[in-house]
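Enquirer: Single-letter residue listing:
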Amino acid sequence: EAAVTQSPRSKVAVTGGKVTLSCHQTNNHDYMYWYRQDTGHGLRLIHYSYVADSTEKGDIPDGYKASRPSQENFSLILELASLSQTAVYFCASRAKNLSAETLYFGSGTRLTVL
Amino acid sequence: GQQVQQSPTSLVLQEGENAELQCNFSTSLNSMQWFYQRPGGSLVSVFYNPSGTKQSGRLTSTTVIKERRSSLHISSSQITDSGTYLCAMEGAMLSGSFNKLTFGAGTRLAVCP
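Chain order of the listed sequences is C and X.
Residue numbers for the first sequence follow the numbering used here, so the first one is 1 and each next one is one higher.
Residue numbers for the second sequence follow the numbering used here, so the first one is 115 and each next one is one higher.
Keep in mind that a hint or two might mislead.
[As the list claims (entries may be wrong)] As a list, the in silico DSBU-like pairs of lysine-lysine whose alpha-carbon atoms are at most 30 Å apart:
1. C:K11 x C:K65
2. C:K11 x X:K168
3. C:K18 x C:K65
4. C:K65 x X:K168
5. X:K180 x X:K168
6. C:K65 x X:K180
7. C:K57 x C:K18
8. C:K65 x C:K96
9. C:K11 x C:K57
These are calculated hints, taken from the structure and not from any lab test.
Note that the structure is a prediction, hence the values are computed from the model and not measured.
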């Protein structure tokens, strides 16, 4: 069964600290995405990747870096965490050709920056 | 950039009532999906429907590309339908938004007994 696993499930970070959120997929998918969701809002795209060793900026990339060292793994890095980055972060993967049920989401990481 | 507007923002139904959720897009569309999110939970795909009408049980999705809109109809609502419904679009191939999925803010649905 296709799966996207995020770690950690939740994290508390201090302002100015470094945070790394990890995502691992066993779907053999080409595309992976990082979204953030703020309370009462939809998802906003931070970074995405078509292929290993390559990442693309999404709609709100400022303050975030991404890394795709392999097809299975996609990380989101906050070099200097800020209060405004408190949110729930979702990772997703999909096959090359978008079709029914090919976008799979992880369970999310709840990040609190104090 | 591409924008996705969903309406209504929230909706309260009595069990058994029907619901109509709307999604409007600002740019040309390559594909779109509807997702369901439980409170505090992950998202699961409900429909992939880039055009036309699709039905699955009590759910029906209609996408009209020319009018840049999609709807999700829930008939005979049940308490377990409660949650947030989000639509997401992928822009047309030459729009610069291809392969980027943009989400609406969602419609929060509460079905009461």
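Enquirer: Work down the list of hints and note, for each, if the structure agrees.
Expert: To see whether the hints hold, each was checked on the structure:
no.	hint	verdict
1	C:K11 x C:K65	holds (18 Å)
2	C:K11 x X:K168	violated (40 Å)
3	C:K18 x C:K65	holds (11 Å)
4	C:K65 x X:K168	violated (38 Å)
5	X:K180 x X:K168	holds (17 Å)
6	C:K65 x X:K180	violated (37 Å)
7	C:K57 x C:K18	holds (20 Å)
8	C:K65 x C:K96	holds (23 Å)
9	C:K11 x C:K57	holds (24 Å)
Of the numbered hints given earlier, the model fails hints 2, 4 and 6; all others are met.
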